[in-house]
Each structure stands twice: as structure tokens, then as C-alpha cells.
Amino acid sequence: MFEAIVITIATAATPLLIAAMGELVVERSGVLNLGVEGMMIMGAVTGFSVAYMTGSPWLGVLAAIVVGALFSLLFGFLTLTLVTNQVATGLALTLLGLGLSGMIGESFVGLPGVKMGTVNVPYLSELPYVGRLLFGQDPIFYISIALTIGVSWFLFYTKAGLTLRSVGDNHASAHALGIRVIAIRYMAIMFGGACAGLAGGYLALVYVPQWVEGMSAGRGWIALALVVFASWRPGRVLAGAYLFGAVSIGQLHAQALGWPIPSQLLSALPYLATIIVLVLISRNKRLTMVNTPASLGQPFVPDR
Amino acid sequence: MKKYLLALAASAAILLPGAASAQDKTKACFIYVGPIGDFGYSYQHHQGLLDAQKHFGDKLETAYLESVPEGADAERAIERFARSGCDIIFATSFGFMDATNKIAGRFPDIKFEHATGYKREHPNVATYNSKFHEGRYVQGVIAASLSEKGVAGYIASFPIPEVVMGINAFVLGAQSVNPDFKVKVVWANTWFDAGKEADAAKALIDQGVDIITQHTDSTAPIQVASERGIKAFGQATDMIKFGPETQLTSIIDDWGPYYIERIGKVMDGTWEQQDVWGGMKEGHVVMAPYTNMPDDVKKLAEETEAKIKSGEFNPYTGPINKQDGTQWLADGEVAEDGFLLGLNFYVEGVDDQLPQ
Amino acid sequence: MRLELVKRPQQSRAFSALSPFIAFGLTIIAGAILFAALGKNPATTLYYYFVEPLMEVWSLHELAIKAAPLILIAVGLSVCFLSNNWNIGAEGQFVIGAVVGSVLPVMFPDFQFWFVLPLMLIMGMIGGAAYASIPGILKVRFNTNEILTSLMLVYVAQLFLDWLVRGPWRNPAGMNFPETRTFHSYAILPEILPASGRAHWGFVFAIIAAIVLWFVLSKTLKGFEIKVLGQSPRAGRFAGFSAGKMTLFAFAVSGAMAGLAGISEVSGAIGQLRPAISPGYGFTAIIVAFLGRLNPLGIVAAGLVLALTYLGGEAAQISVGLSDKVVRAFQGMILFFVLACDTLIHYQIRFVKSKAATASLAAAQVPNV
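Chains as they are written, first to last, in our numbering: chain Y, 1 to 304; chain V, 1001 to 1356; chain U, 2001 to 2369.
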């Protein structure tokens, strides 16, 4: 039972982790994209429809990634090239994504989807207690863990990662050093879009293989909260995503056990927990100041 | 020039609705609270619209508005319909109750039908509802016959009387087979959130239930049950596609017959105010084929269904105790419809505390 | 071919005035293409979308009802956004305002005097302001990101309302359905012109709020302070303004406006509390605020335009069968076009062939860099 619960938590945490990891890279480059929810739902509808039409969940995932990245380009063009307000543009992206996905998905409602199977390493996945957890989950779970390690390594152990962080910390001096701020930010935004698309694809191909309107149900916003919650550190995003998953699954178990707590309070717990942790983390000013990209959300127009 | 004028007239005809439509056509309008693509509650009402359209063909014109929020928007939507030439307006969600009655007072010539409500403040307002709990009793019988552990999981939406009634009926049906049967309830606090419903199903299964039923609208629980290799019941619509080896049966809300009957009465001028609470007998509640169960269980289910359908048996027939063990209905006593419609307590055997 | 921005030495007055129209024109063109792609006659659809709802008096009343909460919330938000405080939790403040404002008619139904309504409105404003102050205080005191805390509090507020109407505040005579008792007549916000439609005084509040805040923002020292702190916190500090106090002020003002919108909606349009009292006004108002370019008078116009897209969406759904998803996509498009066109106010856009050419051209254009 314990292993099954942990796997359920992993399923709930994986889309949050992937989307948050993408947004982390975007924000590290100094851009705040509030459109995660919109890119995620576009990924979900694309993933579902492509997998349904081709019968291949992998093609679905691939399409979700591509569409997520393309959709984020819209945000990139407006905020980077036309220097529009990032908050408003991000919100518009979410709105557009929710509407557009509903239009695209209209003919796919009520159809059973294609589910991505699990990886089953022979013998190992039959180990007691941890076998299925470590060796018998869906492939995207492993991708999400690899992504966390990869982003961590990229940001802190590569020259390109250092460049990206310098753009986020001070775009003016980065520009003065000859770094192509705009180009780097375009790439970061597309990476974020690809991750959000993948997270959406996960929802529609692994979490619940079906398409319903608005099925991201606020998960994009949670992913945004996780990035701040984690004070822009990949390892902490991982911890936060699993903590959030544990709280939301835990409240359902509390109910099934018949605990006499109002279910609305239990439903509110993940949000209250997020606020409390945000406060605890951000009150330590020195710690957050070190990690916060100083140019986050600031418009940048290269002077010549 | 003449051609130009003709074109102009044609475009004017497009711009002015109703100008060209025949007077003898009856117009029926529907307001849904969710998207018709929810594959659940609103979807089924829309199927009812399509049935009516098919039945009446050219004699009927239909229109609908989906995803209408309850509140100020509902009133506007209903008024818009009232002004756009509708002869009968079906408001299909409880939350449209006050708005429907308000507009009905101002448009006495138009008939209004409100689903699941109880207010009929004007002679042109009728109410209708379905006894879904009859189907849940049959589900309970099936669940207790099949379950090895004697525990079922119930994913519930909101603690309104209709949902409480369904949980009780399910428990009563189960106890008629296995008096010690238990039900674990999880309140999802949503009608529709596939992810959350899936999580709730997983939590219940991890807690040891071996049958899942739901009073939420998405197909996610049945898909989870199918992955985990246990059985489940569908909701509102036949969900067999989502669990060919999982779905035992499903309670189908079939509004078609009612809509056809009421629109027909508007056409021949015999429409009258009424309060209908139809069940299996009236054809409002239909069970999907009984599948994935042994023949003896199937037979028992069919017999139970037949008894309810013929009116021979009412699921709410005593002796029934409340959850705390005190008596509610004495032996042979049948609960009154009016009381059931405001039901807010559990019967004995529910492993949950009702949110108050 | 590349696209380059060249900052104008001054804001372009011409484009300030023209850009909303350019944006609207682009939206119409994009809309027509979208409708045609969906197999609808673009002209007919656009007619139902933008014209038909304006042709009847009752419909204009409905427009006012729909626009009132959007305008009220958005003018409050403009104070926040101008001062660089990102309150995106107005939806929650709307709900809490409605709840606190409803205390009198729900808990003390026998308390029936003429001053119940004014008290309700004041309590609604206080409730909204208090709830908005939570992210405000957390930001000032603990440096917590207000975008996320204000958003998380939306969900908490909605669940709180849900618990209230299903639990302690449930109507004793309501057959156990989730709603409070209906408000008595002293607690109902009256209609402005009952003879022609049901628009209530909430719309008047919205207009008054817009005018007052326009005056504050453009004619007073407080308005100057708000803008200075928003554009450059450093400059604000030199001028002796406190960013922390401004944050508290901005959150309180926007919360009070959202709370007033909440209680007006409940008391004027619904008449009781129910589990869902807002179809996302708090979020849509963010769009309205930007659509109105954070200028209270612009916001009045923007609120009316956005309300029209809802009404028009319904009209188009009934008359030409346009799906309601299109409405949301369309709103997103409008916002994109407005944001993009506003770039023209601050920048000149040039299409240039090569990078070297750009550099020399830009250098020639902007000598004081």
C-alpha cells in the first residue's frame, strides 16, 4: 500500500515538476512567463489528439513538446521583440490557450485516449517495496528526474548556464559583455514552453488518458508557485512538487479514512501549505536574494 | 441593380433572425451549466435536445447556450432566449432556479422548465428531476455481490440532497445482500476535475476498496479502476468505452423522452405546470447493459431493476436506521418524496461523516 | 529582414490615441478569418458579436451589469499595477467582500433598517481590503512574492465560501441546497431604472470609482507617488516615498474595490450567496485593466468592450452556433493585439535588412544614447 501511495504522489507531482523546471529556466533568464497554464493545456490537447490519431503515445508527447514551444514563441515575440508587459502577456497566453485548446479539442471529447505504458525493468521492478517505484513507472517520470538533474547541471556547471544566469541577473551588463540577451531569452522561453507542453502531454496521456476542456485545472499556476517556493533551485523544485503532491493525495486518504475534517479545509490545504512555505523561505532575505534573478520581469531593449 | 437589391435583401434576411423562419415552427431552447463536451451531465441534456430534434424534425427549432455560469449570467441568458422567440426554455441546472422564476414572471406566454429545483412561482414554470438513486440501489446490490472485501469506494461531488440520497441508496442496496457492507466516501468538491477524480479513485483503491462508484462526471475513475484491475460503475452516460473490462453498468440520464413529451405538449397546446420526479418507471433513469459480472449477479441486478421499474419496490422502504443507529423508517414504511428531496443524513453503514 | 525597435524620445501622442483602434481593427480582421475558418459567415458573426447586443435597451442594462464588477475591480487593480504591485487575487477579494458584506442579511435577517445596505457595502469593502492586505503585508514584512500568495488565496476564499453556504450559512428553508437565505428587501441594491431593465447601482459605483481614481492618479501628489514608485523604486526613495507603505495602500485600495464589486454583485444581481458567485471577474478584470492601459477612464471603456464580448459571444452562440470556446480565445487575441499595438506608443518599429545597417541607423536616430 505504501508503495502504491508513493507512486500516486509521483504521478501527481510529475507534471508539476516538469512544468516548473521549464519555468525555472525561463525565470533564471530574467523573464516571467505567467502563461504556463495556457501552454500546458495546449500540450494536453495536442498530445491527446496526435496520440489518438496516430495510435502512438510517443508521437503525442513529441507533438505536445513542439506545440508547447511554438505557442511560447508567441509570448516571446511580444515580450522580447515588442517589449510588452510580461505579466499581462503571460495572462493573455493562458486565456488564449484555454480557449484555443477547447476549440481544437471539441471533436476529441468523450473518446478514450491512448495511454503510455510503464517501463518494466525485468526482475528489478518486482523487488519488494521499491521495485515498481524505481523500475516500473511511466517513461516520463524518468524524464522528469533526468530533467531535474540536467537543468541543475546546466545552470551551475556549464558555461552556457552561467551565461543564462548572468542574463537574468543583469541584462544590461550581460549585453555590454557582448552576450545576445534577446536570443538567449528566446531559447529559454521555448525551453519553458516545451516543458509545459510535455507536462500537458503527461496529463492527457498518462495521468488520465482523455481530453476534457480545462483539464490542466490550475496545475500551471501551481508550477509557477513552485518555482518561487523553491527559490529558483532545481533540487528544491523537485522537493516542492513532491510535497505538494503528497499534501493533495494525503487529503484524499484522510477523507477515505473518515477523518472528521471539513473537506473544503482539506482541499485548501495544498494552497495554504504553499503560502506558508513561501513565507518561510522568503523571510530569509539573504538566501532569496542570492538566487532571485535580479532582472526578473524587467523589460530589455538593447541600446546601441 | 435588381441583382444588387436581391443580394441586399438576402443579407438583410441573414441579419434579421426570425424574419424568414416559418411561424408554425416551435422553438425549444436549452441552457446548460457545463460544456456539452463534459461527457456527463450537460452532455446528456444535449443528447435529449438532439433526440427531440430528431423526433420532431422540421417542426422544431432548437438553440442552446453552454457553460452558462450560475448567478447574474444565467438571468441574462434566459432573458435572451425569452426574447429570441423561444416557446419553451429548459434551464437544466439547480442554480438557475431563481433566475428562471424571475424571468418567467415577466414572460407569461413562454413555458419554462427547470431541472432539479423546487420553486414554481408562476403558472408557466414546471420542474423536473430524475430518481437517480434508484439506479444506485441496483449498483449497491451488484457491488455487495461482487466485492470480496466488503468495502466499496464512493467518489462524491458535493453534499447536496441528491448526492446524499445516492450514497444512502447504494448502501441500502449493498446491505440487502451483505448486511455488513461498508462504503468509504471521498468528497472531491468538484463536479468535474479528471485529475482530482483519478487521484481520489487511487486513494480509495490504496485504502483497500475493490469496487469504485462515482457521483462526479469525468471518466477518470473508471480508467483508474481499469488500470488497477478492479470493477467500477459509470456515471450519467455509458462509459463502457473507457473500461470495456471494468464497467459493471452505468446510470444513464435519459432526458430525451421527457423533452419530447413536454415539447409535444407545447405544440398541441396542452402544456401545464407540473412537478415531475421520474425514475426507471418513466424511462428517465436507464441502466447501461450489465457487463463484466457472473450470470447470477446479472440476474439479481435485472430482477432488482424490474422490481423498482414496476413500482413494486421503493429503495427507501423501512426498516432503515440513521447512521447513529436510531430508527428512521419503521418496517414497511416508505419515505416521502418531499422528505427525500431535502435529505441530509446518512443511513447506517456509511463510513464517513456527512459534511454539515 | 529583421525587426528593430527604436525608442521614441517622447511617447507618441498620435499612437496613444490610435493604438486601441488599430488593435480593434486587427482583432476584427483576425476574428473574421477565425470565423470563416470555422465555417461561419464572418460578417453575420461579427454583427451578432459586436452590434446586436447594443441594439436593445434591456441588453444595454445587461451590459452595464456585466461591466460593473469588471470596471470596479480593474480600477482598483490599476493602482496596484501602476505602483508595481502584482495583485492577481482580486477574485478571492471579490468573494471575501461578498461574504463579509453578507453577514448582516444572512446572520441577522431580522435586523431590517434602511442603513443595512450602506453598512453591507462598507463591510464588503473592509472585507476585501483586509483579505487583499494579507499578500500586501506578507510582501512588505517577509518579502514574499505577492503574485503567488494572492493567487493561492483565491482558492482558499472560494473554498471558504463553499463551506459557508453548505454548512453554517445554509438556508434553513432551502431544502438543504447549498445557498444562503435570500436577502430581505433592505439588503437589496436597487435597480437604477427599473422600468427598462435590471441594471443596479453597482454600475454607478463603478463609474464614480473610476472618476475618483482618475482624479487621484492624474491630479494629486498621491497619484504622482504611485507612478514614481512604480516606475523606479529608487527614484521614489530619493523623493522620500516609502515603497512598503505604497504596497499596503495599493493592496488595500484594490481589495476594497474588489470587495465592493463582490457585495454589489451579490446584493444587486444575485440576492443571496451561493457556492459560485463570480464567473472569474477577478481574473478578467486584469485584462480589463491592461486593455484600459491602467487609466481609470480607459478602463471604463475597456470594461464595456469586454462585457460586450461576453454578451456578443452568447448572441453568436444562439444565432450562428459559434462555440463558447471561441469567445475566450477571442478575448486572448484582443489582449495580444492591444499589448502589441501599445508598443508603437513608446517605440518606432523598423524593418531592416542587416545588422550593420541597423546599428548605424539607430545611432543616427537616437543621438543621446
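Quick caveat, the hints were computed from the structure, so don't treat them as lab data. Please read all numbers here as calculations on a predicted model, not as lab measurements. Every residue, glycine too, gets a C-beta built ideally from N, C-alpha and C. Any given hint could turn out to be false.
Simulated crosslink set (DSS-like; lysine-lysine; CA at most 25 Å straight-line) [what the hints assert, rightly or not]: (1) V:K1309 with V:K1059; (2) V:K1241 with V:K1322; (3) V:K1054 with V:K1025; (4) V:K1322 with V:K1298; (5) V:K1299 with V:K1309; (6) U:K2219 with U:K2245; (7) V:K1322 with V:K1149; (8) V:K1027 with U:K2040; (9) V:K1265 with V:K1298; (10) U:K2040 with V:K1054; (11) V:K1265 with Y:K115; (12) V:K1025 with U:K2040.
Derived CB-CB ranges, DEER-like [claimed, not checked]: (13) U:S2232 with Y:T118: 51 to 59 Å; (14) Y:L272 with V:H1055: 49 to 57 Å; (15) V:E1272 with Y:W259: 48 to 56 Å; (16) Y:L272 with U:G2280: 15 to 23 Å; (17) U:G2174 with V:K1299: 38 to 46 Å; (18) V:E1121 with U:L2038: 22 to 30 Å; (19) V:S1084 with U:Q2348: 45 to 53 Å; (20) U:S2232 with Y:A183: 22 to 30 Å; (21) U:K2219 with Y:W259: 22 to 30 Å; (22) U:S2232 with Y:S173: 37 to 45 Å; (23) Y:W58 with U:A2043: 42 to 50 Å; (24) Y:Q298 with U:G2174: 48 to 56 Å; (25) U:L2038 with Y:T118: 38 to 46 Å.
To see whether the hints hold, each was checked on the structure:
1. V:K1309 with V:K1059: 33 Å, violated
2. V:K1241 with V:K1322: 38 Å, violated
3. V:K1054 with V:K1025: 14 Å, holds
4. V:K1322 with V:K1298: Not satisfied, since the Cα-Cα distance of roughly 29 Å exceeds 25 Å.
5. V:K1299 with V:K1309: This hinted pair holds, its Cα atoms lying about 15 Å apart.
6. U:K2219 with U:K2245: Given that 25 Å is the threshold and the Cα spacing comes to 20 Å, the pair holds.
7. V:K1322 with V:K1149: Roughly 24 Å separates the two Cα atoms, so the pair holds.
8. V:K1027 with U:K2040: Within the cut-off at roughly 22 Å; holds.
9. V:K1265 with V:K1298: 38 Å, violated
10. U:K2040 with V:K1054: 24 Å, holds
11. V:K1265 with Y:K115: 47 Å, violated
12. V:K1025 with U:K2040: Since the Cα atoms of K1025 of chain V and K2040 of chain U sit roughly 24 Å apart, the hinted pair holds (cutoff 25 Å).
13. U:S2232 with Y:T118: 51 to 59 Å: 54 Å, holds
14. Y:L272 with V:H1055: 49 to 57 Å: Once the Cβ atoms are compared, 52 Å apart, the range 49 to 57 Å for H1055 of chain V and L272 of chain Y holds.
15. V:E1272 with Y:W259: 48 to 56 Å: 50 Å, holds
16. Y:L272 with U:G2280: 15 to 23 Å: Given about 22 Å between the Cβ atoms, the range holds.
17. U:G2174 with V:K1299: 38 to 46 Å: 42 Å, holds
18. V:E1121 with U:L2038: 22 to 30 Å: 40 Å, violated
19. V:S1084 with U:Q2348: 45 to 53 Å: Given a distance of about 48 Å, which is inside 45 to 53 Å, the answer is holds.
20. U:S2232 with Y:A183: 22 to 30 Å: Roughly 28 Å apart at Cβ, these two residues keep to the hinted range, so it holds.
21. U:K2219 with Y:W259: 22 to 30 Å: 57 Å, violated
22. U:S2232 with Y:S173: 37 to 45 Å: 18 Å, violated
23. Y:W58 with U:A2043: 42 to 50 Å: 44 Å Cβ-Cβ, so the 42 to 50 Å window holds.
24. Y:Q298 with U:G2174: 48 to 56 Å: With Cβ atoms ~52 Å apart, the hint holds.
25. U:L2038 with Y:T118: 38 to 46 Å: Since L2038 of chain U and T118 of chain Y have Cβ atoms about 39 Å apart, the given range 38 to 46 Å holds.
When the structure is compared with the earlier hints, violations turn up for hints 1, 2, 4, 9, 11, 18, 21, 22 and for no others.
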